[in-house]
Amino acid sequence: MTTVIRVENLGKRYRIGLAPQKYQTLSEKVTNAFSAPLRAIRRVQAPKADGADTLWALRDVSFDVEQGQVLGIIGRNGAGKSTLLKVLSRITEPTTGSVTLRGRVGSLLEVGTGFHPELTGRENIFLNGAILGMKRAEIERKFDEIVAFSEVEQFIETPVKRYSSGMYLRLAFAVAAHLEPEILVVDEVLAVGDAEFQKKCIGKMGDVAQQGRTVLFVSHNMSAILRLTQESIVLEKGRLALRAPSSEAVDYYLSAGNAKAGERLWEADEVPAESAPFRPIALRVRDEKGNVVDTVRSVEPFHIEMEYELAAPITGLRVGVYLTTARGDQVLTSFDTDDQKRFEKHGARPAGRYVSRCTVPPDLLNGGRYTLGVNASAYRVRRYFMDEQALNFNVETSGAPGMQWPEARPGVLRPRFEWKIETK
Amino acid sequence: MNITKSSVRSEPDTVVIRPSKSWTALNLRDLWRFRELVYFMTWRDLKVRYKQTVLGVSWAVLEPFLTMVVFTIFFGELAKVPTDNIPAPVFYFVALLPWGLFAKALNTASRSLVSHQNMVTKIYFPRLILPLSSVVAGLVDFLIGCLVLVGIMAYYALTGQMQIVLTSALLTLPLFLLLTLMTALGVSLWLSALYVQYRDVGYLIPFLSEFWRIISPVVYSTTLIPEKWRILYALNPMAGVLNGFRWAILGTPTGPDMSLAVSSGVALLVFVTGLLYFRRMEKTFADTI
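As given, the protein sequences belong to chains U and G, one line each in that order. Using the numbering used here, you'd call the opening residue of the first sequence number 166 and step up by one each time. Using the numbering used here, you'd call the opening residue of the second sequence number 781 and step up by one each time.
Hints are computed from structural coordinates only; laboratory data are not their basis. Yeah, the Cβ is synthetic: ideal placement off N, Cα and C, and Gly gets one too. Just so you know, not all the hints are guaranteed correct.
What the hints assert, rightly or not - SDA-like cross-link-like pairs, simulated, lysine to any residue; straight-line CA separation at most 20 Å:
1. G:K902 x U:H281
2. G:K1063 x U:S263
3. G:K1063 x U:V264
4. G:K827 x U:F291
5. U:K326 x G:W823
6. G:K831 x U:T323
7. G:K902 x U:Y179
8. G:K1063 x U:G176
9. G:K827 x G:V837
10. U:K300 x G:L811
11. G:K902 x U:E345
12. G:K1063 x U:R255
As the list claims (entries may be wrong) - Covered by chain G, per the in silico footprint, the following chain U stretches (three or more residues, Cβ under 8 Å):
13. 249–263
14. 276–287
15. 294–307
To be verified - Which residues of chain G face chain U? A few of them, derived with a C-beta cut under 10 Å, are:
16. D793
17. R798
18. F820
19. M821
20. K831
21. Q832
22. V900
23. T901
24. K902
25. Y904
26. F905
27. T1064
Using the sequences provided together with the hints, build the complete structure.
This is the structure we're talking about:
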């Protein structure tokens, strides 16, 4: 096999501005204003090697990608995924290490970049194609195909400022998709556009891989990762944590960061400053008897509880959970003040420590792995805190309806329906 | 690299990305590979510039023409600034063409990186293309202006207000045009790269273009400058450009001499250091913009 991408000890350091001093007298401000340009120049000339104001977005990352492989890249926000893609597409230079690429890198980060609203669809295809690195002859050859793919034939001579956002996006994607790079980088753009169009995009990605080209696929959607890739890498705080078959990598990613099974605790420094006065303390899953567990039985009720502290009173507060499958498909959302009467009673909460607890009825969820997220907000006023992937737990189905047939039963729910069988 | 087999149609380029040394060579190979982009960006600038305007491309003519009229009234008629015995409108218009080219570059090319932030942070391409295509787009206005100049001069010749003597000096015009472009691009490279980091440049540009016009012989002739200050005066490369244009077209006594050598030297210096500085800062554009 040919190695198409070789990443060796890649590192990227960013300089982050130090927080400004809080109090400054006017004279300090004036002297500061005058010395600022000088300091800035000195900073440019002699960058400090390492310090409090630098951040390694990537550190010592090494991996190879073979030709024709579809590699998933997963990691939490800030893990370095975007930085990695930016280095690979040559937008920004690495601080250390090297990348060897065989062939052109096309990225779907760049959909529609360089489109000019005043120009017609036709003109933008040529302009955007050239920006993405296509030759004029190449664009002319693929022009009809691009137009057909984008489904905007009748409007091709209309300035794109008159396009709907969907048309605009389709045209932009069509150009990017026809770049035919040897290496394609896809970054969650699939989340946009209607379902029909998304299907087309996924199809296009499959085609690209079939033609022996290499795809890097970045997503937060674990079902998409599992569906489209065989192998994935997991990034954690800029470092390569794991490279493994995708199912294993997804499992690792989903279980990483949990202090203890069945419980998620938030340290003070993990909570963003914007959350104040709300401070999350813990999210727990408890079984019927009240033990903290990471596996619950589907035939028994279980409890989800959120412990938190309010440093100041909040009005209109609702604290709730999101339930999704571990693969990212949403199951439900529920808030502690969904009930109108309870909202009137607890909508305004004085400062203090609280626990919001709910009971999930038996015979609701199917077996499998689930993810709990947390949301604390005041409707249409403010979102205090959100963590969409706070805690994972398993549901086990022994004793559930239909267990006499040991087959995997698709679906998120496993309810016990009352069936009646009558003779007619 | 470990290449055992190549199965993709034509042999794909191998690119190695690594931290570059502080002062790297110009990446001319990439610039050549992206040459069509210069054409497309220039074409886009021209195409878009006069969209949704009533007068359209006539703006390219109107702008220098109206400036010339104002200059003629206030500097020529009222202030009676000497124009080397050339009818004032012709005298001004000849200088306004290269000056317009330079001023437009200053205004658009210097802002080109920041105004294309989106492209800079999302796609790889040689960043040099942005200021370069902005400067090239100005050339079209310049050429249209040249046609108008021919018209104005024909009018003055036919009405007997001036004599047109075409000399071989006219053949040096392309060289002076080159000097204009080099100055314009050099200054734009410096300013556009600085603008990425320091937004102060945005405030500096209008002031700079106003100031620069006053220290350049646009509304007056270099012959007003005392002999002993001429060399100092020529440190402004645009002085060399404007003198050259007037000498080549109108035969004013501002032909090539020591001053022109100084102007050209300064222009070259600005251009080369501009390229180097731009190249050096290029790698951090996407991070700091």
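Verification of the hints:
Note on G:K902 and U:H281: the hinted pairing holds, with a Cα-Cα distance of about 15 Å set against a maximum of 20 Å. A threshold of 20 Å between alpha carbons decides the hint, and for G:K1063 with U:S263 the separation of about 15 Å falls inside it, so the pair holds. For the given pair, G:K1063 sits about 15 Å from U:V264 by alpha-carbon distance, which is consistent with the 20 Å threshold. A distance of roughly 13 Å separates the Cα atoms of G:K827 and U:F291; the hinted pair therefore holds under the 20 Å criterion.
Simply put, U:K326 and G:W823 have alpha-carbon atoms about 19 Å apart, close enough for the 20 Å limit, and the pair holds. Distance hint between G:K831 and U:T323 is fulfilled; the C-alpha atoms sit about 13 Å from each other, no more than 20 Å. Taking the CA atoms of G:K902 and U:Y179, the gap is about 17 Å. The hint holds against a cut of 20 Å. Distance restraint check for G:K1063 and U:G176: the Cα-Cα separation of roughly 15 Å lies within the 20 Å cut-off, and the hinted pair is therefore satisfied.
Proximity of G:K827 to G:V837 is assessed by CA-CA distance (about 10 Å); at most 20 Å being required, the pair is judged to hold. In summary, the hint linking U:K300 to G:L811 is supported, as the alpha carbons are separated by about 14 Å, within the 20 Å threshold. The suggested pairing of G:K902 with U:E345 holds, with an alpha-carbon distance near 18 Å, which does not exceed 20 Å. Annotation: proposed proximity of G:K1063 to U:R255 holds, straight-line Cα distance about 9 Å (limit 20 Å).
Check on the region 249–263 of chain U: 13 of its residues sit with their Cβ under 8 Å from a Cβ of chain G, so the three-residue criterion for coverage holds. Counting residues of the region 276–287 of chain U whose beta carbon lies closer than 8 Å to any beta carbon of chain G gives 5, which meets the minimum of three for the stated coverage. Residue count for the region 294–307 of chain U with a Cβ under 8 Å from a Cβ of chain G: 6. That meets the three needed, and the coverage hint holds. The closest approach between the C-beta of G:D793 and any C-beta of chain U is roughly 7 Å, which is under the 10 Å cut-off, so the hint is satisfied.
The interface hint given for G:R798 holds, since its Cβ lies 4 Å from the closest Cβ of chain U, which is under the 10 Å cut-off. About 4 Å separates the beta-carbon of G:F820 from the nearest beta-carbon of chain U, less than 10 Å, and the hint is met. The beta carbon of G:M821 is positioned within 10 Å of a beta carbon in chain U (closest approach about 8 Å), and the interface hint is therefore held. Look at G:K831: its Cβ gets to within about 5 Å of chain U, closer than 10 Å, so that hint holds up.
About 7 Å separates the beta-carbon of G:Q832 from the nearest beta-carbon of chain U, less than 10 Å, and the hint is met. The interface hint given for G:V900 holds, since its Cβ lies 8 Å from the closest Cβ of chain U, which is under the 10 Å cut-off. Taking 10 Å as the C-beta cut-off, the interface hint given for G:T901 holds, the closest approach to chain U being about 7 Å. Hint status for G:K902 relative to chain U: holds, with the closest Cβ pair at about 5 Å, below 10 Å.
Below 10 Å, beta-carbon pairs count as interface contacts, and G:Y904 has one with chain U at about 4 Å; its hint therefore holds. With its C-beta approaching chain U no nearer than about 7 Å, G:F905 sits inside the 10 Å limit, and its interface hint holds. Proximity of G:T1064 to chain U holds as hinted, the smallest CB-CB distance being about 8 Å (cut-off 10 Å).
Hint compliance for this structure: every hint is met.
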